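Single-letter residue listing:
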Amino acid sequence: MKKILLYILVLAAAVSCVYPFEAEVGGESHDLVVEGNIVPGTVAQFYLRYTHPLQSHENMSEGADAVLTVRDENGKVYAARRVGSALYEVDMTYASPDLKYSLNIKTENNEYATELMAVTKAPEIKELSYQLSEDNVDVVLSLDGKDDNRHYKVSFLETWEYHSDYLAKTIFDPEAEVIVPLPNDYQYEYYYCWRTRRPNEAVLISAAENESNKVMRHVIMSDSRGSKKFSIVYRMDVSVTAISDGCYEYLKNLQQSSNVSGDLFSPTPSRMESNVVCLTDPTKQVVGYVDAIQPTERRFQLDCRSVSIHKPKLILDDYYLFVPDTEELTLLDYYNFGYRPVDDRGQMGGPIYWAQAQCVDCRLEGGNKNKPEDWPTYDE
Amino acid sequence: MKKVLIAALSLLFSLGVNGQTLPSMAGDGDAALFRGRGATQYSFFYNGTYLWDTPGFKHGDVFYSGRLYKDVDLGVNAHEHSLVVRVPSGQRSVSPDTELVAWLTMDGKTLVNLSYYGVEGALPGFYEVYASGETTTLFRRVVKELNSHVGNHNGVEIGYDDPNYRPNTLSFFNLSESFYLEKDGVLIPLKKKKDLYRQFPDKKRAIRRAKREVTDYLKYRAWLELAYPIADGSSVYRIPSVKYFGHDMKIGGAEYAGTPGDGSPRYEGPVMKVLPGGYFSDGVDSRHSDMLKYMQESNLIASFRNKVYEIGKRTQKRLSAKSTARVTGVVTDVSTGEILQGVAVYDEKTHNYVYTDKSGTYAMSLPLGENVLNFSEMTKEDMAIRVIVNGDGSLDIPMKEKSTMLDEAMISAESRANHRTTKIGLEKVDVKTISKIPSAFGEGDLIKAVLTLPGVKSTGDASTGFNVRGGSTDQNLILFNENTIYNPSHMFGVFSAFNTDVIDNLELYKSSIPVEYGGRISSVLDVKSRNGDPEKVKASLGIGLLTSHFHVEGPIVKNRTTFLLGGRTTYSDWILKNLPASSGYANGSAGFSDLNIGISHKFSDRSSIHAYGYWSNDRFAFSGDTTFHYSNLNASLKYIQKLGDATTMTVATGYDRYKNQLDDSPSVYDAYTLSTSIGQVFAKAGFKTKAGAHQLSYGANVISYALNRGDMVPAGDSSLVASRHLGVEKAIEPSMYVGDMWQIGEKLALDGGVRLSSFLSTQPSPKFYVHPEFRVSGKYTFNPNLSLKAGLNTMTQYIHLVTNSSSISPMDTWKLSDVDIRPQTGWQAAAGAYWTVWNGKVDLSLDAYYKRTSHYLDYKSGAQLSMNDHLAQDLVETYAKSYGVELMARKSVGKLTGWVSYTYSRALLKEMMDRGAATINHGEWYNAPHDKPHDVKVVGNYQFTHRYSLSFNVDYSTGRPVTLPVGKFVYDGGYKLLYSERNAYRIPDYFRLDLGLTIEPGHYLKQLAHMSFTFGCYNITGRKNAYSVYYSTHGGTDIKGYMVSVFATQIPYVNLNLKF
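Just so you know, the protein sequences line up as chains A and B, in that order.
Letter 68 of the first sequence, counting from 1, is numbered 68 in this note's numbering, and no numbers are missing.
Start counting at 1 in the second sequence, then tack on 380, and there's your number in this note's numbering.
By construction, these hints were calculated from the structure, which means they are not laboratory data.
Possibly wrong hints are sitting among the right ones.
As the list claims (entries may be wrong) - Subject to a maximum C-alpha distance of 30 angstroms in a straight line, what follows is the list of computed DSSO-like cross-link-like pairs (lysine-lysine):
hint, chain 1, residue 1, chain 2, residue 2
1, A, Lys-252, A, Lys-126
2, B, Lys-584, B, Lys-571
3, A, Lys-252, B, Lys-1240
4, B, Lys-1290, A, Lys-284
5, A, Lys-284, B, Lys-1420
6, B, Lys-1240, A, Lys-284
7, B, Lys-1039, A, Lys-252
8, B, Lys-1240, A, Lys-100
9, B, Lys-1110, B, Lys-1018
Nothing here was measured: the structure is a model prediction, and the numbers come from that model.
Pulled out of the complex, with its shape left as it was, chain A reads as follows:
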C-alpha cells in the first residue's frame, strides 16, 4: 500500500514533461547575417551569410556576395578580400587600436554600415587554471579589468590527446580474409589521436554587478572527469575580448533565444536590433553585432598523467570483447559489421578477441593523427 501511495505521489509530481514538437511556421527569411569583429593589428575575419526559413534545407554555410570595407575615423579604408564562400578577410595589421572604425557592406541591392566604434581592449588574463570536483573538471578564468568596460566574450579552442580503449596488435585483411599481426612500429597507429574542438557558442561574462571590474574563477568549460579529454594531455587556447554593452546584450539574447529552456519563468524569446543597419532600407533587418576589439589570448595546458584527474570509465572485457562464432558468419562478415580484432592472443594459442571498431581505432572517436607541432613529447 505504501508503494502504491508513493507511486501516485511521484506520478502526480512528475507529470511535467517535455515532448518533441514541430510548429507550422512559414514565411520567407533572407536577412543578411554579419559575423565578425574589427580587430586592429590583425587580419580581421568576417562571415557574410543570409538567414534561411526554419524548415529550409538549403546550405546554410553559403556566403553572401558583397563588397566589405572597414573605415577608420580618418577616412582610411581597409578593403576585404573574399577567401571563402562566406569568409572575408581585412588586413588591419598596421591599423591603430586607438582609432575608431566602422564597417561598410555593399550587396547587390543594399548597403549596410555601422557607426564609428572605439576599440575595446581586453584585460590581461589573471588566471587560467582548473578546479576539480567529485565528477567534473572545470576550467576557470580570472580577469582583472582596468577600464569601464565590464562585459567579456571568451572563446577557446580545445585540443586533447587520447587513445582508444584497446591497443590492437593485429589487423584483419579483408581481401585475404586473414588476421595479420601488426609490426611494432604500427601498433600505435590507431591507438593515439588528437582532437580539437571549438564550441559553437562563446562564453559571455559580465562583471557589471561586481564591486570592481574583476572576474574570479569563472567556469568557462566544465566536463566530466571520465571524458577522454582528460586522459593524457588537455590544452585550451583562450581568447578574451572586452565587448560593448550593446554587443553583450545582443549576444546574450541570441544565446538565450537559441537555447530556450522552456521553463515556466523563461523570458519570451525575441529578436534584437543589430548595430549594422541597412542604409538603403532602414526597415530591413540585419543579424549580427560587430564590435571593434583587441583581444587577449592565453594558453592553458594540463598534463593529466601528472595529476590524478581522469576517472576512466570501467571497461568490462567480457562486455566489449568477444570471440567470433565462425560457424554461421565469416570473419569478413564481422569486419563488415564494424568489428575488429584486438590482440594477438591467438598466436599464444588462445582465441583472438574482437571488439567494435571504435574501441581499437581512435580516429573513429572524432580525432586524427595530426599531432600539434608544439605538443609535449613523452615516453610512450
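Model the placement of chain B on the given structure of chain A, informed by the hints.
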C-alpha cells in the same frame, strides 16, 4: 428508562446506518409517511406549478395516520389533490394515502382534509383554513387544471393525451380557487357575493358600507377578505402560525381574536422582531452534530417564515392609505450570526428593492398595511416574510445557507441573480462551489474556481494570476478582507493563496466596478473570509497528497467576540526527493505555508469591529544554486457603525506587504541575494445612505506606497558581487468617490458615480497625477425574467507589474508611476441581456464588451527588467484593446446544476511610440500574451444523494500566442534562431476534463468528528496540453522544437476532510 434507551438506539440506527436523517417526530412514529406511492411526475414541459400556491416544497408539519411529522418537505398536488412528501434523502417524492392525512401546515398555511373529519359536502383533498369567525370557518380550495390544448399537430391544437402529442410541448397549469363556509359541519360553497349574504343576511348592509370605504378591493377574494370579518364577527383572515390540531380540533383558534367592524385584518398572535436569544443553545447538547443544528435552523427559519411580523406600534394611527413607514433591519447568517452584505430586499407591493450594505443593514420605505418582503442572496435560501407595517420600525432577518438537502443547488449564483443588480459582469462564487470544482491535487482552489467563469482566462496550467476580459494579470485588484494581495498563488500557480476553510465567498467585478473600488484597470476580485462561529468552537482538518490544511473558530465571548484561525502547509519536498534523477527535479525543493487569523467583536446591533491577518510564504528551488522566495503579509482593522436608520459607515485601515527574493549562487564568487518588496498602508472610510429610491455611496481612500525597487547583496565572503540598492519609491494615492443607485420606477434602475483618483509620487522625484473616473450602468427590466443592462467604466492604474514572461514570475517587479512611467488609463463599455427560462431553473445571459487602455507597459526586446536603474528605458508604452462576447447558460436547481459558457474575445496590443525598425511589430496591433479567442467552459455537479455528488469541469480554449522562430542562420560556428514578430503564433488548443466525487459525512448525531472524502482526477483524458512551445539549437548543433506540458497525464487525487 429501558424504553427510552431503546427509542434512542432506534433513532440512532435510523440516522446512522442508512446515512440519512429522518425528520423529528412527535411521539413514537416511524417513517410510514415516506412509504407512499411515488409522487406523480409530469414528463412533459409545463409552465407554472401543479403545487398549491408554492413553486416548490416547503417545510411543514403533517398529521398522518395518527402521527405528527414535523419539519417535512411538503407540497400539495392541487391537480390531483394529493399530498406530496419529499423523502429526506432528497432522492424521491412520495404521495402518502390522502385519506390518512388529517391536516398539514406549510408556508404559513394550514390545510385540512375535511373529508377526513366527515364534513358534509367536502371533496377529497385539502382546504386551506382562510379565516375563522365566531360561528363559521372560511375555507379556500385551490385547483390546478392542466391546460392541454397547447400542442399542435398539423395546425390543429391537441391535448397531451392525444396520440400525436409529443413530450416537451409546453403545457401549463391554470389556477382556480374557490371558497367555502363551514357551518355546523356542513360545507357551503361561496361562489358569489349573494352566497355570503344568504348566510348572514343581517350583515349585508354593513358589508356594503365598508366596501365603499375601501375601493381597492375589487376582486372576489379581496371582497371576501373584507366582508367575512364583518359578516361573522371576530375574525382574522389567514391563520398565520403553526398550530397542531388533534382529532377533536376546533377549527379557528381561540387566541386569534379580531375587532369586529374594523374592516382590516388583524393579527393578535405573538410577533417576533428578532431571533430569540440563545435559540440554538437552549436544550441542545453541544456534542450534537451539524445535522441536528441544521434541523434546528430549519425549524427556526420555517417558524420565522410562517409568522407575520408586525412593524411599528399598532396604536399608531394610520394616516392614510398611501402613508409609508421606514423599515430597517440587519440581515445575518442564522448559523454564524455573520452580517450579510448584498442581500436583495424586494417589496412585492411597491416593487422597490434595496441591498444590504457592508454592515448587513437594509432600509426602505414601505406602505402601511400588510406586505410581503423577499430577501434573496446567492448563497442563502430565499425568504419571503409577511409583515404588517404600522409605522417606522425595524425587523432583523436571519437567513439560512443554501443546502443541498433543501434544494440540491450547487452553483455560484442563484437563479435570477442577474436581474437583481445593475452591475454588468458581476460573478459570485460561494465556498461550496469552490470546494466542488475539481482541481489539481484536489484542494479547493479559489483562483481555479474563478477561472471557470466566462471572460476569465489564464496563460495555462500552473500559471499565476488570471486575465479578465483581455486585461493583464496585474490589472486585477485582488482584495482579501480589505487587504491587497499581490501574488495570489502558491507554488508557481499550482495552488491558490487562499485557504477555502476560512473563505466565505468572492465577488468578481469584470465590468461594472463599483465606485468605491479603484486602482486597477480590469477587474476587482473581492474575497471575504468568514467570521468565527459565535456559539461554539468548530474545527476542521484536511489531508491531501501534497498539502494539509486546518481551521478552528469559535466564540471568545459568546455571541459577541469570535475568532477564526486557519492554516495550510505542504510536504512536497518529500515527493521531490523521491523523484527519479532523470526528472531533473530530484534535487529540488518546493513548499509553502499560509496562516489566516480573524477576530470580530460586536459592540451592539449597530456597531462591530473586525481584525484580520494573513501571512504566506513560498520557496522553491529546482536547481541546486537558485532558490526563489516570496511572501505576503497583510493585516487590517475594520469598524462598522450604523449612523441613524439610513446610513452605515465603514472605516478600515491596514498594511500590506509583498516581498520576493532570489538566492543565486552559480559559484562562491558570483553568489548574491536579490530582493524587492512593496509595502502599502491604507485607510478608507465609506458611507452608504438610503434616501428614498436612492442609495448613495460616498467615501475616501488613501494608500501610501513604499516600493523597494531592488536590493542586491553578495552572499558569502568570497562573492565579488557589489551591494546595490536601487532605492525606494514612495507615493500616495488618495481618492474620493460618490455614487448613487437610483431605482426609477419598477423597470428602470441606474447606478452612477464619480471617483476622483490621484497619485503623488514623492520619491525619487515628485510627480502628481489626477484622474476623474466615471462609472455608469443601468438596467431595464422588461419582466421578472428578462432584463437588459448597459454600462461604461473608466479606470486608472498607478502601479504596474513589469514582466517579460508569459506567467507571473516570482522575480517580476512592481513599478509605481513616476515622471517617466505614466498611469494606465482605460475605459470599458459593456452591455448584457439576461433571460431566465424553464420556470426559473435556467438563466441565460449574453454579455458584450469593448475595452481600451493606454500606457500599458510592454518590454523592449532584450529588456533587462531586474535591478535596472533605468527601467523605463527598457519598457514601451502600448495601447491595449480587447473586445468579446460571453454567452452563458446556468442551471441552478435540480440534481444537475452548473453552467455552460462560450466566450469569443480578443486582446491586442500596439506600441504607442514609433521607434523605427525597433518598434514592436512595426507599430501594428499584435496579440497580447493572453489572447485566446475561443473559450468553452462547462462546470457541473450531479447530486446523487445528499452524501454523494459528482462534479465535472470541461475547459477548452484556443492556444495562447507565442513567439516562435521562423528562420535560422549560422553564427559563431553554430545554428542560431531568428524569431517572428511578437506573439505571431499560437500553442496548440487547450482541453481538459476533470471529474471529482465527493462523499459527504453521514449525520451521526453523537459523533464527535465528521469525515468526508473527495476523490477525483484532474485532466482525466490525459491530454498533453502545451504550457509553452520552444525551440533549441542545443548549443548550436541541432535545431529541435519542444512542447512543455505541466500536467501531461491524469492526476488522481484524494482528500480527507475532518470536521469537528
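Verification of the hints:
1. A/Lys-252 x A/Lys-126: Holds, at about 24 angstroms.
2. B/Lys-584 x B/Lys-571: Roughly 16 angstroms separates the two Cα atoms, so the pair holds.
3. A/Lys-252 x B/Lys-1240: With a Cα-Cα distance of about 15 angstroms, the restraint between A/Lys-252 and B/Lys-1240 holds, given a limit of 30 angstroms.
4. B/Lys-1290 x A/Lys-284: Holds. B/Lys-1290 to A/Lys-284 sits at ~20 angstroms (cutoff 30 angstroms).
5. A/Lys-284 x B/Lys-1420: holds, 27 angstroms
6. B/Lys-1240 x A/Lys-284: Given that 30 angstroms is the threshold and the Cα spacing comes to 18 angstroms, the pair holds.
7. B/Lys-1039 x A/Lys-252: holds, 28 angstroms
8. B/Lys-1240 x A/Lys-100: holds, 29 angstroms
9. B/Lys-1110 x B/Lys-1018: The hint holds at about 25 angstroms.
Against the hints set out earlier in the document, no violation occurs for any number.
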